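Asker: Listed below are the residues making up each chain.
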Amino acid sequence: GAGVSQSPSNKVTEKGKDVELRCDPISGHTALYWYRQSLGQGLEFLIYFQGNSAPDKSGLPSDRFSAERTGGSVSTLTIQRTQQEDSAVYLCASSLSQGGIAGELFFGEGSRLTVL
Amino acid sequence: SQQGEEDPQALSIQEGENATMNCSYKTSINNLQWYRQNSGRGLVHLILIRSNEREKHSGRLRVTLDTSKKSSSLLITASRAADTASYFCATVRNTGGFKTIFGAGTRLFVKA
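Chains A and B supply the protein sequences, listed in that same order. Residue 17 in our numbering sits at position 17 of the first sequence; the count goes up by one each step and never skips. If you want our numbering, it's the position in the second sequence, counting the first as 1, plus 116.
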């Protein structure tokens with residue numbers, strides 16, 4: 001597609017339920033990022049995929065969070081046993097690095113998660 | 117912890133004035149980027165400055181980078197009401213891949 005696509009755009013769930021958030025990056029982009037943004041706050045790094053390398057999971061806040069990227073393209077962020085503090089906008093971005101220089105990130109519109 | 121710290125946290129100016137936002141970071145970087153966020157959803161890339169560059173211009177935007185002080189500034193000249201948004205700096209480190217970390221952002225409000 002023309003840009004980064006995220007789904008769902010909004011998700012309301014009950015505490016304790018599992019949720020899956022999907023990201024379709026720009027075709028050909030080798031890097032994919034997940035960030036979390038609480039209301040009025042900055043972007044909290046969650047996880048970073050680069051090509052076929054092992055992902056950098058250092059930002060995942062707990063073992064309830066996991067992510068995978070299948071075939072170097074689509075990524076799914078899974079939150080198990082959701083808690084109210086998981087409520088936030090989850091942003092996905094992709095980029096293409098060339099010549100040893102990291103390129104700009106292209107963001108999706110985010111998935112707003114509300115945990116009741 | 118986040119790599120970049122912006123200041124001020126919030127800035128309110130009159131249309132036509134210049135707006136300056138600063139960003140400090142902690143470790144060596146590959147490049148530094150500035151982004152804008154209008155509505156609390158997706159961010160839009162504004163400008164990228166490489167670690168071996170000191171200044172870059174794009175339209176009404178001017179970015180400086182001082183790697184010795186580990187700081188950068190974004191200047192928006194002749195601001196407009198439409199510039200009202202949150203602005204974030206993002207530092208990119210070479211960790212085998214390129215890891216991009218964002219600061220907390222500056223909220224700019226331009227009064228018409």
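Quick caveat, the hints were computed from the structure, so don't treat them as lab data. Remember, predicted model here, so these are calculated numbers, not experimental data. Glycine is no exception: its CB is placed at the ideal position from the N, C-alpha and C atoms. Treat the hints loosely; a few may be bogus.
What the hints assert, rightly or not - Just so you have them, the derived chain A footprint on chain B, three or more residues with Cβ under 8 Å: (1) 125 to 138; (2) 159 to 166; (3) 172 to 180; (4) 215 to 227.
Claimed, not checked - Once the Cα atoms are required to be at most 20 Å apart in a straight line, the calculated DMTMM-like pairs of lysine to aspartate or glutamate come out as: (5) A:Lys11 / A:Asp24; (6) B:Lys142 / A:Glu44; (7) B:Lys186 / B:Glu131; (8) A:Lys57 / A:Glu20; (9) B:Lys142 / B:Asp123; (10) B:Lys172 / A:Glu20.
Said to hold, decoys possible - What follows is a list of derived Cβ distance ranges for each label pair: (11) A:Pro8 / B:Ser167: 23 to 29 Å; (12) A:Gly28 / B:Arg166: 30 to 36 Å; (13) A:Gly40 / B:Arg170: 30 to 36 Å; (14) A:Gln41 / B:Asn210: 23 to 29 Å; (15) A:Gly40 / B:Ser167: 28 to 34 Å; (16) A:Gln41 / B:His173: 28 to 34 Å; (17) B:Ser128 / A:Pro61: 41 to 47 Å; (18) A:Ser5 / B:Ala198: 23 to 29 Å; (19) A:Ser27 / B:Ser144: 40 to 46 Å; (20) A:Val12 / B:Thr136: 24 to 30 Å.
Asker: Taking the beta carbons of serine 5 (chain A) and alanine 198 (chain B), is their distance inside 23 to 29 Å?
Answerer: Holds - the Cβ-Cβ distance for serine 5 (chain A) and alanine 198 (chain B), about 26 Å, lies within 23 to 29 Å.
Asker: Between the beta carbons of glycine 28 (chain A) and arginine 166 (chain B), is the distance compatible with 30 to 36 Å?
Answerer: violated (22 Å)
Asker: Lying within 24 to 30 Å: is that true of the beta-carbon distance valine 12 (chain A) to threonine 136 (chain B)?
Answerer: Given a distance of about 40 Å, which is not inside 24 to 30 Å, the answer is violated.
Asker: What's the verdict on lysine 142 (chain B) and aspartate 123 (chain B), does the C-alpha distance respect the 20 Å limit or exceed it?
Answerer: With Cα atoms ~15 Å apart, lysine 142 (chain B) and aspartate 123 (chain B) stay inside 20 Å; holds.
Asker: Quick check: does the Cβ-Cβ distance between proline 8 (chain A) and serine 167 (chain B) fall within 23 to 29 Å?
Answerer: violated (38 Å)
Asker: Sort out whether glutamate 131 (chain B) lies within 20 Å of lysine 186 (chain B), counting only the CA atoms.
Answerer: violated (30 Å)
Asker: Are there three or more residues in the stretch 172 to 180 of chain B whose C-beta lies closer than 8 Å to some C-beta of chain A?
Answerer: violated (count 0)
Asker: Measure nothing beyond the straight line between the CA atoms of lysine 142 (chain B) and glutamate 44 (chain A); if it is 20 Å or shorter, mark the hint as holding.
Answerer: Holds - the C-alpha atoms of glutamate 44 (chain A) and lysine 142 (chain B) are around 16 Å apart, at most 20 Å.
Asker: Holds or violated: lysine 172 (chain B) with glutamate 20 (chain A), Cα cutoff 20 Å?
Answerer: It is violated: about 40 Å lies between the C-alpha atoms, which goes past 20 Å.
Asker: 41 to 47 Å was suggested as the range; check whether the CB atoms of serine 128 (chain B) and proline 61 (chain A) agree with it.
Answerer: violated (33 Å)
Asker: Three residues minimum, CB to CB under 8 Å: does the stretch 159 to 166 of chain B make the cut for coverage by chain A? Let me know.
Answerer: Held - the stretch 159 to 166 of chain B has 5 residues with a Cβ nearer than 8 Å to chain A, which meets the minimum of three.
Asker: Are there three or more residues in the stretch 125 to 138 of chain B whose C-beta lies closer than 8 Å to some C-beta of chain A?
Answerer: violated (count 0)
Consistency with the previously given hints fails for numbers 1, 3, 7, 10, 11, 12, 17, 19, 20, ordered from lowest to highest.
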